[in-house]
Structures are given as structure tokens and as C-alpha cells.
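Chemist: For reference, the chains in residue letters:
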Amino acid sequence: MSDKPEKFIDENGLRLDGRRVDEIRPMTVEMGVLSRADGSCYLEWGNNKVLAAVYGPRELHPRRLQRPSEALVRYRYNMAAFSVEDRIRPGPSRRSTEISKVSGEAFEPVVMKQFYPGAVIDVFAEVLQADAGTRTAAINAATLALVDAGIPMKGLVASCAVGKVDGQLVLDLNKPEDNYGDADLPIAMTEDGEITLLQMDGNLTADEIAKGIEMARKGCEQIFAIQKEALLSKFGTTDEEELLKEAELQAELATSEDEAEDVEVVSEVVSEVVSEVVSEVALEGEDDELEDEVDEDLELQDEGEAFTDDEVENASDEAEDLFGEDVSEFDINEGTESEGDSSSEPEDAESNEDEGEKNE
Amino acid sequence: MDRNIVIPGQLLSEKKEMAGPGTYVKDGNIYSLLYGVANFKGRVSVVPFSGKYIPSRKDFIIVKVIDVTPSNWIMETGSPYDGLLHVSEFPKRVDSSEMRKFMDIGDSVVVRVKDVSKAMKVELSMREQGSKVLRQGRIIEVMPAKVPRVIGHGGSMVSVLKKESNCDVFVGKNGRIWINGRDNDMDRLTTAIEMIESESHISGLTDKVGIFLRGGPEGTESSDEEQLVDEEVAGVSLEDDDVTEETSRKVDVLLENDPEETD
Amino acid sequence: MSEAISRLKKDYLFNLALKGQREDGRGFDEVRDLIVETNVIDKAEGSAKVLLGDTQVLVGVKLQVGSPFADSADKGVIITSMELNPIASPNFEAGPPREKAIEMARVVDRGIRESGAIDLNKLCITEGVEVWIVFIDVHVLNDSGNLLDAASIGAIAALMTATLPGEREGRGEDVKLPICEMPVSLSFVDIGGELVIDATNNEESVSDLRLTIVTNQDGSICAMQKSGPGTLSEENFLRSVEKSREIGAQIREEYLLNI
Numbered sequence: 198m199s200d201k202p203e204k205f206i207d208e209n210g211l212r213l214d215g216r217r218v219d220e221i222r223p224m225t226v227e228m229g230v231l232s233r234a235d236g237s238c239y240l241e242w243g244n245n246k247v248l249a250a251v252y253g254p255r256e257l258h259p260r261r262l263q264r265p266s267e268a269l270v271r272y273r274y275n276m277a278a279f280s281v282e283d284r285i286r287p288g289p290s291r292r293s294t295e296i297s298k299v300s301g302e303a304f305e306p307v308v309m310k311q312f313y314p315g316a317v318i319d320v321f322a323e324v325l326q327a328d329a330g331t332r333t334a335a336i337n338a339a340t341l342a343l344v345d346a347g348i349p350m351k352g353l354v355a356s357c358a359v360g361k362v363d364g365q366l367v368l369d370l371n372k373p374e375d376n377y378g379d380a381d382l383p384i385a386m387t388e389d390g391e392i393t394l395l396q397m398d399g400n401l402t403a404d405e406i407a408k409g410i411e412m413a414r415k416g417c418e419q420i421f422a423i424q425k426e427a428l429l430s431k432f433g434t435t436d437e438e439e440l441l442k443e444a445e446l447q448a449e450l451a452t453s454e455d456e457a458e459d460v461e462v463v464s465e466v467v468s469e470v471v472s473e474v475v476s477e478v479a480l481e482g483e484d485d486e487l488e489d490e491v492d493e494d495l496e497l498q499d500e501g502e503a504f505t506d507d508e509v510e511n512a513s514d515e516a517e518d519l520f521g522e523d524v525s526e527f528d529i530n531e532g533t534e535s536e537g538d539s540s541s542e543p544e545d546a547e548s549n550e551d552e553g554e555k556n557e
Numbered sequence: 003m004d005r006n007i008v009i010p011g012q013l014l015s016e017k018k019e020m021a022g023p024g025t026y027v028k029d030g031n032i033y034s035l036l037y038g039v040a041n042f043k044g045r046v047s048v049v050p051f052s053g054k055y056i057p058s059r060k061d062f063i064i065v066k067v068i069d070v071t072p073s074n075w076i077m078e079t080g081s082p083y084d085g086l087l088h089v090s091e092f093p094k095r096v097d098s099s100e101m102r103k104f105m106d107i108g109d110s111v112v113v114r115v116k117d118v119s120k121a122m123k124v125e126l127s128m129r130e131q132g133s134k135v136l137r138q139g140r141i142i143e144v145m146p147a148k149v150p151r152v153i154g155h156g157g158s159m160v161s162v163l164k165k166e167s168n169c170d171v172f173v174g175k176n177g178r179i180w181i182n183g184r185d186n187d188m189d190r191l192t193t194a195i196e197m198i199e200s201e202s203h204i205s206g207l208t209d210k211v212g213i214f215l216r217g218g219p220e221g222t223e224s225s226d227e228e229q230l231v232d233e234e235v236a237g238v239s240l241e242d243d244d245v246t247e248e249t250s251r252k253v254d255v256l257l258e259n260d261p262e263e264t265d
Numbered sequence: 187m188s189e190a191i192s193r194l195k196k197d198y199l200f201n202l203a204l205k206g207q208r209e210d211g212r213g214f215d216e217v218r219d220l221i222v223e224t225n226v227i228d229k230a231e232g233s234a235k236v237l238l239g240d241t242q243v244l245v246g247v248k249l250q251v252g253s254p255f256a257d258s259a260d261k262g263v264i265i266t267s268m269e270l271n272p273i274a275s276p277n278f279e280a281g282p283p284r285e286k287a288i289e290m291a292r293v294v295d296r297g298i299r300e301s302g303a304i305d306l307n308k309l310c311i312t313e314g315v316e317v318w319i320v321f322i323d324v325h326v327l328n329d330s331g332n333l334l335d336a337a338s339i340g341a342i343a344a345l346m347t348a349t350l351p352g353e354r355e356g357r358g359e360d361v362k363l364p365i366c367e368m369p370v371s372l373s374f375v376d377i378g379g380e381l382v383i384d385a386t387n388n389e390e391s392v393s394d395l396r397l398t399i400v401t402n403q404d405g406s407i408c409a410m411q412k413s414g415p416g417t418l419s420e421e422n423f424l425r426s427v428e429k430s431r432e433i434g435a436q437i438r439e440e441y442l443l444n445i
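Line by line, the protein sequences give chains L, C and Z.
So the number in this note's numbering is just where the residue sits in the first sequence, counting from 1, plus 197.
So the number in this note's numbering is just where the residue sits in the second sequence, counting from 1, plus 2.
So the number in this note's numbering is just where the residue sits in the third sequence, counting from 1, plus 186.
A portion of the hints provided could be inaccurate.
Straight line, CA to CA, 30 Å or less: simulated DSS-like cross-link-like pairs of lysine-lysine [claimed, not checked]:
#1 C:Lys94 with L:Lys298
#2 C:Lys94 with Z:Lys429
#3 C:Lys165 with Z:Lys195
#4 L:Lys442 with C:Lys18
#5 C:Lys116 with Z:Lys196
#6 C:Lys94 with L:Lys442
Keep in mind the hints are simulated off the structure, nothing from the lab.
Isolated chain L (complex conformation):
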């Protein structure tokens, strides 16, 4: 299996797959591909094929896992048995458990967990075909699945890796670079450039790390552009005016819904003439209901302001502390249980893990 190429970068500065050192592999994205999930995204990146789906916010059982003041964000990275050269046993491994943990944490700073106390937002990322950089591909798909599910977020997250071959830094490692390179530095960041995932193995100098982060940032910028394009083009064929009309309809309902429903639904006899209904809505809408509505809005806005600047940072820091503890405990429990159940010998599980490492 040791078919290490002699050179990774040719005299023209091109890599084995023809890319420049600062170029990412081609990425394609398809939104909303699964009917059962609340949000989903299929993403191909080079030869990686990943599928991400979001369920939630939804009820969280068992109760002891619930957070009284925010939602739990659970991330499950899973590789299909046939996704790599040498088959891997289905189900969680130590490797996938670790990736799941840190990848979930990569979304902590952007997901507005505060809106859904006690609930859970489940993010599932399935690697259907692996070809170096699956964890970063999965994060890129998961961001879009979260957006597709209508989860409130402060912004997108993008992820890519920087590595080192032939003594040079390269962006978004391909398979040979990943297998035989000198370093791998996967990173995820927000649009503000805050780093939300950082791992590294291999050997890099401090200077290379500084330069590598900049390369990864540029890579993430390219990915943000692809993600935004995917989101905006989903409605490419729809007249924007139509969407605006819908937004107005929604806003109207938000103000008058209580009254409209009282009139429409509660009364035994539905008014024959629509205009009567309408005048009632409008009239009642003008008195106390409106004040209610205003109050609610102000509350909402207050809430919005409460989450600004420093406070947000503190809140999410605290949350992250909590999250780290609880979730890792949970994951480990789950992981050991499943491994215990599905594998006959512990050595087997270990060798499985090694396979996984190699395959990444």
C-alpha cells in the first residue's frame, strides 16, 4: 500500500490533482434532499460525498440530558462501512466519537441555543464516500442543513484543512497529501474569522502555523461563497416579489392571528361576508391586542439586545463549558455501550479505530 509519490508539487507549483497550493477542490451542494429531516444537505468535495441532516429543535429524552436554559446541540459524525478502501465496521468508533464531539462544538458559538431551552438540535453527518477531509466536508454540509432547518444562527461556519507536503503548505489536502504529508491542520471558523474547530497532527513550525491559519481563512472564504450561493440559488426560479408578499402575509398573521382565529374558527356561524370578518380583525387589532403585540415585540428585541457583544461571548463561553462536560460524558457512555454490544473483542474495536485513522 506504500505508493508514496516522489513529489507532491511539480516545478510549475501544481499539485498531483492539478491544483495550486492555495486552491480548494471543487465543491457542489444540494439542499433539502431528505423528506423526513427538518433540514438537509448533500455535499460533494473532491471525491468526498457527505450527507448532513438536522432534526429539531425537538424533545430531548432522557430528561437528565436537558439544559434548563438552552438547547443541547448534538452532532453525530458517522462513516458508511463502504466509504473507505478497507471496510470499516458500522457504528461509532473512538475516532468518530472524537470528531463528533469537536465538530458539534464548532457550531456552539453560532447556534442560538437560548431560544429552545430543554430541547435538542440533532445534527447527523454521514460520510458516504471518504477521500481526505471528511470532517471538514461534514461541517460544511451540516452548516447548510442547520440553515435549511430554519435554526436561528448568528452566521455560517465553514471548514477546511491546511497541510504540508514537500516542505510547502497546501490548502485542502487530497488523499495522497493526507496519507503521506507532514502535517494536517483542520480548522473551522465563523464569518467573523473566529476559530471554532482546531486540530492538528504532524509537524509544523510556529511560522508555518501562522501562515497556515491565513491559508485556511482564505479557504473558508471560498467555502462561505459556495454556501451562500447554494442558499440563494434555492429560490433562484422564484420571483422575489412573491417571497416578499409571503413575508407580509406572515407579518400580518403575527399581528392579527389571535383575532382572526377567534372570528374564523371559534364562532359557530362563519360570517357570510368576508368584509365583516375583516373589519372585526382590523378593529380588534387596533385595541388591546396591539398593545400586547407591541409588548411582545419589545421583549423580543430586548432579548435580542441582551445577546449582543460581550454578553453573547460570555454566555456562549459558559455554555461551552457546560456543553463540553455533559456531552463528552454522554458520548463516551454511548460509545462504549455500542462498541461493547457490537464488537466481540476489544482488540477488534482498536484495530477498527486504526483503520479509521488511516482512512482519514
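Fit chains C and Z to the supplied structure of chain L, relying on the hints for placement.
Modeler: Chains C and Z only, in chain L's frame:
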């Protein structure tokens, strides 16, 4: 252009005091929290394309009994939170031991959200006119984000649905719609509601749905159809149109004005 | 999975069945639109993606050299796995496969094994020492009902595209996996005493009986499974056998023979 499709994290405005629902403020600027359509009339707000229903006080919703405890019916609400209906919130006096006789697991019920605590404990009530156990009919589920379409401006769509299908219709805020009538009528109505949900254009949708329910051909251009429909019907739909426009104008005025007044 | 079933939903589906109808307008013997795409995963030796209505499964076949079982020292080995991934349905939970998933995997396995779809004798490399092991892994992506048939059709389609990686494993040339039968699985669920084919997830949720019949090219039956607490009449059962032979032949003709 002042308004458009936005994605989470997109900068919407530099006037933080104008921040409305679906947005957040950072460093004095307003950003979108959601994937949806931004509205810049009055305050800056974003209406999402999708998302779960979250219980809110006074909402009428359709729930399903999933458990019965000695004093509460536990209801699945189509949201991340189950709801509790205390035995005292049933319209009749019910003895604890007999609760299942009135509502048992699997029953669908129209309830009103009485209160939602900060920790999202959802209390429900049936002591409101309109609350009832649904023994007949069907329940159709639509995305909660599409509920406004089904209700329509000033309830115009619901009116058309009821009138033209001869069915009872109740639209729960949680995206569950109860319909009841003759089987054939319910079949047509189901198709009409699916049409409302999947249609990409909402202009003239009320008319289109009305025509469909009256037995007009499906999928024909609505402009053509309008000419085919006899005068009387056309008259009605025109009137509807006027009324709904009127409503939307009124609502728009209300929307535009109230934030300013409170500021 | 212990979701309380809505009484109205149950009544609705049962009343439809009384009138000979189904929620999506199909007849009792009508299978949803089927799309079988093969060779979708380069890393697998064979693969197929099956879309059955909105149901989606991906099946990958991997081949490795390993030891034979002691009681069949001259035959290759088939190992079939299927998990109900939580990505596929709000009702599935993470964790090791439970009885429902294991049952399905075993029924898929039985159809392949008992039909003799794979010529296991040709998978022997050195008797008693080395044979090819065929891993069939079913990855469930979206459960809109009838995962079992989607998985079974995916399994045979993936096997039909599979190559024995002789060169990679240092065991001679790459050759096609020897396939000599095309089993087709068809499942029926009971709704108010009527058996309907290729059920949706809604229909499955109100049914207490599933019957799976796997047929061969010559119309013989190679595997069956009755699942769920409901009871099955002889009349319904025998009629389903006929239906599965008839519709199985159509599916084989239309979707498998051209692979």
C-alpha cells in the same frame, strides 16, 4: 432594493434601534438570525422559510394525547415541547379516574395555549370556545411557516376553503389543519391545501384555490381561468380580492406605525 | 418508535382501505416510482442507490479475503449489515442495531443467500484457508416506508455491479462477482384486513403486520418473513405469493436485467 432573501449572519442595517424579530445586534449593526425574507418596513425583521412551531400564549393548536397521568393529559404539540392539559382545564368536571373516558391516547384535540413558562413548560386549556376533541374528519399537516398562506389575508383563504369545499376547517398554529365533511369534499380540500403549501407563487392563490375547489381544471394559468369563470363567480372573487387588499393595507399600516409610536 | 398513533390518522387509512384506496392514490398492488442507480460509490466494489418513492437507501458491497466457516470450507462468506440510522427518520435513535434493524438485515441476507444469487463456490481461493468475504452494507438515508424492499433491491443491484478486486488483494485478476440469480423482495402490510404492497411510513405506522416474500427468476420463492403481532389469513397469504411473483418479475425485468 430594500428587501430580499437573507441568510444567517447577513448584515441588514446599521441602525441597531430598528432591530425586529429574526435579527440580532452586534457592534451596533443588525444581522439576520434566519434564512428567510427580510422586511425593512418599519423595523427590520426576517421571516423564516422554515422552522419548528414554538408554542406561544393564546395560540390555538391541534395536539395529540400521548399519555394520561392522574391529573394531566400529556399532549404532543408538534413542537419541541409537550403540553400539559390539567384536568381542571377540561370544559367539564372530570374525575381523575375517568380521564381516559373523555380523552385517550391517540386522540386529537383542539386546545389553546394557556401559558408558556421561561423553561418552556407548556400549559394548555380547553376552557375556551372552539376547543374540542376531534372525533371525525382528518388532520393534514403543513409546514408551520406555511400556516399564514392557509389562513390568508384577513382569513380570506380559510373562508374560501370552507365555502367552496363545504367542509369544516380549523387551522392550528402548529401547522395541523383539521377538516371535516363528506369524503369527496375532504379529498378535494386536501389537494387544495397541498396546492397552497407547494405553490411557489402566492399572487392570486386564493382565486386559484377557489377555482380548483369549484371544479375548475388544475394547473391552468389562472388568468385564463378567470375569463372562463362565469360573471357571478368572477364578481365574488373580485370582491374577495378587494377586501383582502384592503386588509393587507390596513395591516401594513398597523405594522408600520406601531413601532414608531412605541419608540 | 413507541409513538402514539393518531386515531384520526388510523381511521382515515382504514376507511380508505375499505374503499380500495390508499393515501397516495395508489392501488393495493401498485409499487411507488423506483429508481436504481448503480456504481455511485467508487470506494466500494459494488454499489447502488435506491429511491422508492421518497425512501432512499444506499447499499455498498465490499470484498475482502478471509477465512471460511468450518462447515463450508470451500465457500465464500456473505455478511449483511443494516442500521436504522437516525438521519433517516425522526423515530430512529443512535446506538447499536435493535431487533427491528437486525430482523430487516437478516431478511435481506436470506433473500440473497437462499436464492443462490452469489455463486459462493467460485469465491473459494484455497479450500479451508482463504475465501472471499462479501460484505453487504445497507446505509439507510430516508425512511418513507418499506426500507426492507428498497434495501433488498439495492443489495442485488449492488452485487450485480461488484468486482472481485483480485489485483488489489494479490489474488489474480479483477473479475466480476459471480451472480447467478436475481431475487426480488416485495413486502405487504395489513390495513384493516387488506394487504397493500410497498407501504408508506404512514401505512406502516397503523399496521400490525408485514409480510415479505422474495422470489426468484423462475417464480419460486426463496425467503419469507411475517413480522408484527397481527395475524394473516391463508387466502391473503396465498394471494400475496402470486402478487409478489408477478410484480417481482416486472421489477426484475425493468430494473435489474439491464444492470
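Chemist: Next step is simple, just say for each hint if it's right about the structure.
Modeler: Hint-by-hint comparison with the structure:
Simply put, lysine 94 of chain C and lysine 298 of chain L have alpha-carbon atoms about 51 Å apart, too far for the 30 Å limit, and the pair is violated. Of the pairs offered as hints, the one joining lysine 94 of chain C and lysine 429 of chain Z is violated, with about 52 Å between alpha carbons and a cut-off of 30 Å exceeded. A distance of roughly 24 Å separates the Cα atoms of lysine 165 of chain C and lysine 195 of chain Z; the hinted pair therefore holds under the 30 Å criterion. With a C-alpha separation of about 25 Å, the suggested pairing of lysine 442 of chain L with lysine 18 of chain C holds against the 30 Å cut-off.
For the hint linking lysine 116 of chain C to lysine 196 of chain Z, the alpha-carbon distance of about 29 Å falls within 30 Å, and the restraint holds. Taking the CA atoms of lysine 94 of chain C and lysine 442 of chain L, the gap is near 43 Å; set against the 30 Å cutoff, the hint is violated.
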